[in-house]
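Q: Chain by chain, the residues:
2 protein chains.
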Amino acid sequence: MQPLSRYLPILNWGRAYDRHILTSDLLAAVIVTIMLIPQSLAYAMLAGLPPEVGLYASILPLVAYAFFGTSRTLAVGPVAVVSLMTASAVGQIAAAGSAGYLVAAIALALLSGVMLVAMGIFRLGFLANFLSHPVISGFITASGILIAAGQLRHILGVPGHGDTLPAIVMSLAGEIGNVNIATLAIGAGVLAFLFLTRKHLKRLLVASRVPGRLADMIARAAPIAAVAVTIAAAEALDLGARGVALVGAIPQGLPAFGVPALSLDLLATLVGPAFLISIVGFVESVSVAQTLAARRRQRIDPNRELIGLGAANIAAGLSSGYPVTGGFARSVVNFDAGAQTPAAGIFTAAGIALAALFLTPLLASLPQATLAATIIVAVLSLVDLGAIRRVYAYSKSDFAAMAATILVTLGWGVELGIVAGVLLSLLLHLYRTSMPHIAVVGQVPETEHYRNVERHAVLTSPEVLSIRIDESLYFANSRYLEDRIAALVAERTELKHVILMCSAVNAIDASALESLEEINHRLTEVGIGLHLSEVKGPVMDRLKATDFLRHLNGRVFLSQHEASLCLRPQ
Amino acid sequence: MQPLSRYLPILNWGRAYDRHILTSDLLAAVIVTIMLIPQSLAYAMLAGLPPEVGLYASILPLVAYAFFGTSRTLAVGPVAVVSLMTASAVGQIAAAGSAGYLVAAIALALLSGVMLVAMGIFRLGFLANFLSHPVISGFITASGILIAAGQLRHILGVPGHGDTLPAIVMSLAGEIGNVNIATLAIGAGVLAFLFLTRKHLKRLLVASRVPGRLADMIARAAPIAAVAVTIAAAEALDLGARGVALVGAIPQGLPAFGVPALSLDLLATLVGPAFLISIVGFVESVSVAQTLAARRRQRIDPNRELIGLGAANIAAGLSSGYPVTGGFARSVVNFDAGAQTPAAGIFTAAGIALAALFLTPLLASLPQATLAATIIVAVLSLVDLGAIRRVYAYSKSDFAAMAATILVTLGWGVELGIVAGVLLSLLLHLYRTSMPHIAVVGQVPETEHYRNVERHAVLTSPEVLSIRIDESLYFANSRYLEDRIAALVAERTELKHVILMCSAVNAIDASALESLEEINHRLTEVGIGLHLSEVKGPVMDRLKATDFLRHLNGRVFLSQHEASLCLRPQ
Numbered sequence: 001m002q003p004l005s006r007y008l009p010i011l012n013w014g015r016a017y018d019r020h021i022l023t024s025d026l027l028a029a030v031i032v033t034i035m036l037i038p039q040s041l042a043y044a045m046l047a048g049l050p051p052e053v054g055l056y057a058s059i060l061p062l063v064a065y066a067f068f069g070t071s072r073t074l075a076v077g078p079v080a081v082v083s084l085m086t087a088s089a090v091g092q093i094a095a096a097g098s099a100g101y102l103v104a105a106i107a108l109a110l111l112s113g114v115m116l117v118a119m120g121i122f123r124l125g126f127l128a129n130f131l132s133h134p135v136i137s138g139f140i141t142a143s144g145i146l147i148a149a150g151q152l153r154h155i156l157g158v159p160g161h162g163d164t165l166p167a168i169v170m171s172l173a174g175e176i177g178n179v180n181i182a183t184l185a186i187g188a189g190v191l192a193f194l195f196l197t198r199k200h201l202k203r204l205l206v207a208s209r210v211p212g213r214l215a216d217m218i219a220r221a222a223p224i225a226a227v228a229v230t231i232a233a234a235e236a237l238d239l240g241a242r243g244v245a246l247v248g249a250i251p252q253g254l255p256a257f258g259v260p261a262l263s264l265d266l267l268a269t270l271v272g273p274a275f276l277i278s279i280v281g282f283v284e285s286v287s288v289a290q291t292l293a294a295r296r297r298q299r300i301d302p303n304r305e306l307i308g309l310g311a312a313n314i315a316a317g318l319s320s321g322y323p324v325t326g327g328f329a330r331s332v333v334n335f336d337a338g339a340q341t342p343a344a345g346i347f348t349a350a351g352i353a354l355a356a357l358f359l360t361p362l363l364a365s366l367p368q369a370t371l372a373a374t375i376i377v378a379v380l381s382l383v384d385l386g387a388i389r390r391v392y393a394y395s396k397s398d399f400a401a402m403a404a405t406i407l408v409t410l411g412w413g414v415e416l417g418i419v420a421g422v423l424l425s426l427l428l429h430l431y432r433t434s435m436p437h438i439a440v441v442g443q444v445p446e447t448e449h450y451r452n453v454e455r456h457a458v459l460t461s462p463e464v465l466s467i468r469i470d471e472s473l474y475f476a477n478s479r480y481l482e483d484r485i486a487a488l489v490a491e492r493t494e495l496k497h498v499i500l501m502c503s504a505v506n507a508i509d510a511s512a513l514e515s516l517e518e519i520n521h522r523l524t525e526v527g528i529g530l531h532l533s534e535v536k537g538p539v540m541d542r543l544k545a546t547d548f549l550r551h552l553n554g555r556v557f558l559s560q561h562e563a564s565l566c567l568r569p570q
Numbered sequence: 001m002q003p004l005s006r007y008l009p010i011l012n013w014g015r016a017y018d019r020h021i022l023t024s025d026l027l028a029a030v031i032v033t034i035m036l037i038p039q040s041l042a043y044a045m046l047a048g049l050p051p052e053v054g055l056y057a058s059i060l061p062l063v064a065y066a067f068f069g070t071s072r073t074l075a076v077g078p079v080a081v082v083s084l085m086t087a088s089a090v091g092q093i094a095a096a097g098s099a100g101y102l103v104a105a106i107a108l109a110l111l112s113g114v115m116l117v118a119m120g121i122f123r124l125g126f127l128a129n130f131l132s133h134p135v136i137s138g139f140i141t142a143s144g145i146l147i148a149a150g151q152l153r154h155i156l157g158v159p160g161h162g163d164t165l166p167a168i169v170m171s172l173a174g175e176i177g178n179v180n181i182a183t184l185a186i187g188a189g190v191l192a193f194l195f196l197t198r199k200h201l202k203r204l205l206v207a208s209r210v211p212g213r214l215a216d217m218i219a220r221a222a223p224i225a226a227v228a229v230t231i232a233a234a235e236a237l238d239l240g241a242r243g244v245a246l247v248g249a250i251p252q253g254l255p256a257f258g259v260p261a262l263s264l265d266l267l268a269t270l271v272g273p274a275f276l277i278s279i280v281g282f283v284e285s286v287s288v289a290q291t292l293a294a295r296r297r298q299r300i301d302p303n304r305e306l307i308g309l310g311a312a313n314i315a316a317g318l319s320s321g322y323p324v325t326g327g328f329a330r331s332v333v334n335f336d337a338g339a340q341t342p343a344a345g346i347f348t349a350a351g352i353a354l355a356a357l358f359l360t361p362l363l364a365s366l367p368q369a370t371l372a373a374t375i376i377v378a379v380l381s382l383v384d385l386g387a388i389r390r391v392y393a394y395s396k397s398d399f400a401a402m403a404a405t406i407l408v409t410l411g412w413g414v415e416l417g418i419v420a421g422v423l424l425s426l427l428l429h430l431y432r433t434s435m436p437h438i439a440v441v442g443q444v445p446e447t448e449h450y451r452n453v454e455r456h457a458v459l460t461s462p463e464v465l466s467i468r469i470d471e472s473l474y475f476a477n478s479r480y481l482e483d484r485i486a487a488l489v490a491e492r493t494e495l496k497h498v499i500l501m502c503s504a505v506n507a508i509d510a511s512a513l514e515s516l517e518e519i520n521h522r523l524t525e526v527g528i529g530l531h532l533s534e535v536k537g538p539v540m541d542r543l544k545a546t547d548f549l550r551h552l553n554g555r556v557f558l559s560q561h562e563a564s565l566c567l568r569p570q
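One line per chain: the protein sequences are E and S, in this order.
Mapping of the first sequence onto the UniProt record's numbering: residues 1 to 570, in sequence order.
Mapping of the second sequence onto the UniProt record's numbering: residues 1 to 570, in sequence order.
Treat the hints as calculated values from the structure; they're not laboratory data.
Certain hints may be false.
[Stated by the list, open to error] Below are the SDA-like pairs computed for lysine to any residue, each with C-alpha atoms no more than 20 angstroms apart in a straight line:
1) Lys544/E to Ala393/S
2) Lys396/E to Val539/S
3) Lys202/E to Ile224/E
4) Lys536/S to Asp470/E
[Unchecked claim] Listed below are several chain S residues computed to face chain E (Cβ distance under 10 angstroms; list not exhaustive):
5) Asp18
6) Phe193
7) Ser287
8) Asp301
9) Ser434
10) Glu448
11) Glu518
[What the hints assert, rightly or not] Take a look, some chain E residues computed to stay more than 12 angstroms from chain S by CB distance:
12) Ala118
13) Leu172
14) Leu205
15) Ala225
Predicted, not measured: the structure shown is a model, and the values here were computed from it.
Here a beta-carbon is modelled for each residue, glycine too, at the ideal position from N, C-alpha and C.
Can you build the whole structure from these sequences, using the hints too?
A: Rendered as structure tokens:
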């Protein structure tokens, strides 16, 4: 494979491009464009940005991803969770609606893009592993709840604010007397329409003999119908004059290309949030991409995906956009609509560009309540209460990390929430592995097998202690090993030999090596032999490069049985 | 065992106390007292505190540890590294010598004591596992260098300051013209004397037929001789008038008992440093205690040690002292001198109390250079360059954590140093385990063994892929597993079955479970069966409690051979 095509996957799929693939890609692009228009406007509103910024973030980033991304069918653009994180990060710096707010959002996209590309080049994709599944799942559920609660004010037509659930609820409670009935009618109507179509339209269409795939597409176009109908209603009934908040004039045309003046102070403030957005966006995107790639036995390369997403975010920053990532719903639509190559993304970008050029005047009368309803319906599908139950049933410590993520996200905001979840899951992981399973073993009579003395009737001797260690040895558990062996030795007065059975030890780090030396040293002082058995090849290779085997007062045996035969009292 | 004696180990050893043990303990106490007097004064100076504070920290804390500690022979009191950390933490709040400085040091002792007790009660001793051996070793080496460099100004008799190596060196370089010759003569003389006695005195005494243990004791008393001789010289030659800095008047008597007025602000500022001091002190102390206990086949309980050390620090805070912990050198002396029980600590405390009552007037003429030389000789034994070499040879990633700890400690101070080391070792651990060893295996001909296809001549089939996973599956490596399996499957077009051989998988957390479900789901979509073999009992028990086995499109086999026989094409 040529080096260049490794970095520009477009050179691979571009070579085989033909008319058949073009047709598939074009069809998918039309469908995704129709879905993306209301979504882009809505997510920009969620991020506290002017609606056109959502459109801008759906043009150049898609082209950039098409050149550098490794997924054939991932659809990038503004997504709900990243929009919420943008609002939270930028809201701490500038007031929504101010010029500084937009500049900060652009800076966030650029920073996040540069970070993603750097992580890709230095192959730091493993950093995403810090986010365990329960933490991500809890974070997305909590974000969905926060977003939905935050949009309620648009449905009710009241002012409101707040980045946390208590603040949002308090703010709404204070305004409950000022609800705008016309706004509520629009908002509740669209909500009901979207929920019903999402739940029943496809089934009804299929029952009326519409083919499944077409029915699915029609159902997914429901938001655009809601947009069209409520624009018509707003104009016909002059809802703007009745206090219904409308989207208002959207600048017509394509975004300017360039970088606004950015202060170092601003960039320094945004480094932390940009990092969190990058990681969360990457994790979300890569899991979607992987799921879709597997369906067609294709592959994606996570470290190369970082570069693709980074390029998309830099493109967003260069064209007055804000942070983007691969979205789940739109990627599935793209895939199901038959997209074959990233060219579908380029066609979608062209579609959105046409919308920015020609459709924006039509959108001035769009009620904000319609967009809010679109967001609420989209994000409530992110709330996964079943996952909470499943994690609780499977593992209490995973559940603790998940619960902490949800509570801190709801109560103190998205940034603290994700950090709390990551720290707690690391802590719990270290806690778990810091006390590895260590079993005293004995010989199963008349066999060469050695099993836990507490579970099996086995033969042991008061002079020989055989200990099986069921975990790799590293700094978090090496001291525990010292403690346990000290305890086991202290209670056996006739002891002459200790055998460590290492069949499940995949690695020994420098801390654990030092602990083993310490154990050997202490046992030597009281005249007890330390022996190893069943040491794995790679572990043995490492040990051979040290002084340990020379200091070891006992021997290394290939098998536990051999050790036992040799050391048992005659 | 009665619950009370679990919390007050004194009830265990106190019952068997007799005249023979009393004699041993008294002798040890006399020797440790002689060693502790100059050390206490010196370490108080290192911490930036008045000399009497060092004595105070060597009275009540020893009594408290004797009641609550589980080690029979650990000697607690001021130690070098903790004194340096105290100076660093308190120096950020108040000027050395001010009343606020002493209050902050007392607050640090109280906070650290409360934290240690709380960690003991909640059994959080595992937190110390965050400090890997290479990080501790690097931290202690760097601290030793920092301390020695910082004491040079007392040897040279120049003013100076700085918490980092560059700052100390710059500060000394600026003062090099102002060296006080009389001070340098004392300092260099004592340094040479202490180095020579430490290196050669014991050997010379033994050659002169002095018994080994006695020779050892005499050699260890060298610092007290240096103290006596330089006091006499200072008085005879009126060195104070020649610009030699003397210790000056030390208040005579015992410390007052009580808590100074502490502001919440002060406590809040000190929480971080107090935590680091607690952890570092605990790790140092517990490793000494464990080494000594093992020599007599005794045991210590790390979580109970936390309570003992916590009680000692609270006692230090209540009696105008500063943070203490178990010291290596003094504990070894105590042990070698024959201490049998913690009563030796109580007798040592009585000895130091007598010194505070009656000896302090004699110490007024003690040159500070003598104390500085004592410190330098003591801490240079902490610098372990051999450990750096050994770690480098054994593991590059452990070495990276160690080097970062040393460089950051020297360049940015002790607190950042230890934090940098801990974070880097966590990161590297996650990085290592995030890419577990995964081997494609095949059958060794005519056996039931399955080995790595890359290392052995084995039989495989294009329709069956057997993968052995050599690590427990958890959030940090579950995504890697998805990637690897996706890659292995994508390159095999005839594939019908994947077998995961789980013989080395000791645990599967919720993230890994979800990844397995995802893998199963993706393989199902392309018509490939997923099977497991050699799943360990406890892992299987957990899996049985979930839906996973019901969703699994293949089977779970007891042995890899059984799986292979069953799935191989007929």
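Q: List, from low to high, the hint numbers that the structure doesn't satisfy.
A: As far as the earlier hints go, 5, 6, 10 are violated by this structure, in ascending order.
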